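Dock chain B against chain A, hints included.
Number of protein chains: 2
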Amino acid sequence: MNDFESIVAELTETLASTGAASVLRDSEALIKYQRDMGALEDPHLPLAVVLAESVSDVQNTLRWASKHRISVVPRGAGTGVSGAAHAIECCMVLSLELMNRIIEVRPDDEIAVVEPGVVNADLNAAVAQYGLMYAPDPASYQQSTIGGNVSTNAGGLRCAKYGVTRDSVLGLTVVMADGTIIETGKQTFKGVAGYDLTSLVIGSEGTLGIVVSATVRLRYLSKNQRAIAAIFPDIETAAQGVLEIGRARIQPAILELLDDGVMAVIDSIHGTQLQGTGGALLLALTDGFGALLEEQAIRDQLSKLGATLFEPDDPQAMKLLEMRRVSRGDEQDDVYRVGEDVAVPRSKLVDYVHELRLIAERHKVWVRTVAHAGDGNLHPTFWIDPAEGEAGLTRLERALDDSIRSALAIGGTITGEHGVGQYKLRWLGWEQSEQVRELQYKIKEVFDPQGILNPGKAI
Amino acid sequence: MNDFESIVAELTETLASTGAASVLRDSEALIKYQRDMGALEDPHLPLAVVLAESVSDVQNTLRWASKHRISVVPRGAGTGVSGAAHAIECCMVLSLELMNRIIEVRPDDEIAVVEPGVVNADLNAAVAQYGLMYAPDPASYQQSTIGGNVSTNAGGLRCAKYGVTRDSVLGLTVVMADGTIIETGKQTFKGVAGYDLTSLVIGSEGTLGIVVSATVRLRYLSKNQRAIAAIFPDIETAAQGVLEIGRARIQPAILELLDDGVMAVIDSIHGTQLQGTGGALLLALTDGFGALLEEQAIRDQLSKLGATLFEPDDPQAMKLLEMRRVSRGDEQDDVYRVGEDVAVPRSKLVDYVHELRLIAERHKVWVRTVAHAGDGNLHPTFWIDPAEGEAGLTRLERALDDSIRSALAIGGTITGEHGVGQYKLRWLGWEQSEQVRELQYKIKEVFDPQGILNPGKAI
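Residue numbers (the UniProt record's numbering), protein chains in the order written: chain A, 1 to 459; chain B, 1 to 459.
Chain A on its own, in the form it takes in the complex (with noise of 0.2 Å):
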């Protein structure tokens, strides 16, 4: 450790005298910044925390980093719930939180630069004004940072209809590992120059590169908002609603699916009572010219499943979106109970649902699940008592396991907007081939041959 003392000064020396970064080595920082929100099951300390605050306080700490070829944890608002920013052994966390400037607003132009620490909910905020959005929103958006969303490519409520943070993103600025600093995509809304290095860098948890500025195509806010509020005997049934809806090629900006256990919660938390008015509920909202008259459509469709409708204007459905909307936001994963994230197509929802139910029965485990079910995103989270120790953590393995399995047997995926993380990387294999994992790995050490950068997640 020694060595480590006097690395880490040489890092403290650079940045004091080209920066403002605050280089934090006491214990309660070091834990603070020890995970994110996902399950942690191998804990380690970094060695040290950035606190960036420009982009120079990242390029001379990735030089640094490049030199002595310490491993770097980039992290955000640490609401990521794969594990992403989850430190590993003698890593450095480079925290961008305090990089958080909103560049540049240009309403004609309909776009938005912002630096990676902006909070989600501030640039919707900033860009209200001129009538527009930054769409992508999930459900932690109100502490979650942009640079975060970028790269975890981060979907939400909304996206539904505005598609997920990829479908927003224009252009990045990225410091590579090596401390250089490159431009991918373009300003405009279409560009086709070239390889799609944004795509690439998106998703990538920072893996390729760090992101320190992104160029976001903004969308238009809409102030005709209609909401819908469903409720079903049985979650199979509020699931049929959803592919109704479709079948009669209505697109609502959200459309979300909670069943009895959500309900739950959200009554615990919130003081509704739900529980016991039936087995789900279904929240749609539209947007746009066409609102009142989609609102009609969906309220059509949904009353022909025999759903209890909540009245037209009544307040309470817009209130039940928001509960829903931050229902998940403050939660923190732990090994007794896990938020899963598999997506499904479409068509599978109402048996995919049916099937979590005989999973979790199977196993002995509780689940309860809500779904983005727009777009075929389920989150179900299933948990056991911690009393249970071992045994119920074998049990809730498998229940895991089967839910994924399951998923992958229909057409599914493993994560529809979490992303892999350090959680989810068990699984992978079940969904990729050697050869694409291979390719994967090759493409890191294109952009990253040292293998700096959060090592062991994503890929």
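Any given hint could turn out to be false.
[Claimed, not checked] Lysine-lysine pairs mimicking DSSO-like chemistry, simulated, CA-CA at most 30 Å apart: (1) A/LYS223 to B/LYS161; (2) B/LYS161 to B/LYS223; (3) B/LYS223 to A/LYS161; (4) A/LYS442 to B/LYS67.
[What the hints assert, rightly or not] Sample of chain B residues facing chain A (criterion: CB under 10 Å; computed from the structure): (5) GLU110; (6) THR188; (7) ILE202; (8) GLU417; (9) GLN435; (10) ILE443.
No wet-lab data here; the hints were simulated from the structure. None of the values given here were measured: they were computed from a predicted structure. C-beta: ideal position from N, C-alpha, C; glycine also.
Same frame as chain A, now just chain B:
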């Protein structure tokens, strides 16, 4: 050439024993498959043409090409306009046009799985019965193939609202340079497992692998489509109209801008009488549940600017959109007439269309411009009288260079949707840094270590 005779004989034998592909060697075929519709500066005949009929035909061809280090130029319908499918020295052309099966349409999942040779319009015809469409619609949609569209990340008219090819492709099956097969992406709307190899291959113009099937996302084909046609006194005011529609936060499905030169072309092809009615034509299409309201809102904006609007239900407006749609499809550029494809930030549209006129005046060349204005993507066509010969060509080159420089200077790109191909390689270094280009070469090397896949294109 005797060596080559025996090498081709080997390919012909292999293909005959395991597949159905034809190997064409007659001079008529070699001439037909020598080029796409881009300007051709360095003509070569291919050594032979393979018409693949199956995945194993493609695999066998690539195994053979790898073994003998023969370059392979993949080709769809040959409608590209950047020369990505131009033959190069000592190459084999691999045509995918006969692999034209729609493998699967899954209406409830809103996806289709297609072979690369499926013609864009045929896919649209096949899914219309389900109320679905494949959104990307390049002007060549009646001839061009999904494989070609994927390879160039083709755009079109509807991408104003629905995005480009990359936004509609979920996953790919790709034959690698060595003949092995990988699957990229997913069958679900969302999915973030590993790096985005799908986006990397899309737009790579066959330099990374040969796409042998694509899983595409379908969108809702609206029964409510409202066309708007507006004549403006000059193109600058029409471009201002585009901005005003954006400022009113209205999202048309299509928004096309045509100057008087293009109006004259439409007159000459279709017998319309647009010329003399004004200096520019703006065409819009609204769709979906909000179509009528959006139509009214757009009409309001354009009226304020003094546009002469066609009556709301005048069928001529929709006809004009169709005429525009095919107004480039059957043209072939040559050295005396070059169609460009820049994109600029939307707010710069007015300035840039004005700049194009100044450039043409300065270099004494002709220019006419049509633009996917909703995306800021312009297609100015510069030309001279071929009788002028070399002297004219020099002025034409200078005008082209200036138009590219001006676009880059205001944050634009050298290619919005046509791709770099062979023709635009000269400008790629103006847009991308050496380091970015180096990264791309290294990625290419990961996929194709021998460099046999369409060398000298795209990057």
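The hints, checked one at a time:
Between A/LYS223 and B/LYS161, the direct Cα distance comes to roughly 19 Å. Compliance with the 30 Å bound is thereby established for this hinted pair. Restraint check for B/LYS161 and B/LYS223: satisfied, since their Cα atoms lie roughly 16 Å apart, inside the 30 Å limit. At roughly 19 Å between alpha-carbon atoms, B/LYS223 and A/LYS161 fall within 30 Å of each other, so this suggested pair holds. In summary, the hint linking A/LYS442 to B/LYS67 is supported, as the alpha carbons are separated by about 23 Å, within the 30 Å threshold.
Hint status for B/GLU110: holds, given a least beta-carbon distance of 7 Å to chain A, under 10 Å. The interface hint given for B/THR188 holds, since its Cβ lies 4 Å from the closest Cβ of chain A, which is under the 10 Å cut-off. Hint on B/ILE202 holds. Least Cβ distance to chain A is approximately 7 Å, under the 10 Å limit. Interface hint status for B/GLU417: upheld, as the beta-carbon distance to the closest one in chain A is roughly 6 Å, under 10 Å.
Of the supplied interface hints, the one on B/GLN435 holds, with its beta-carbon coming within about 5 Å of a beta-carbon of chain A, less than 10 Å. Taking 10 Å as the C-beta cut-off, the interface hint given for B/ILE443 holds, the closest approach to chain A being about 6 Å.
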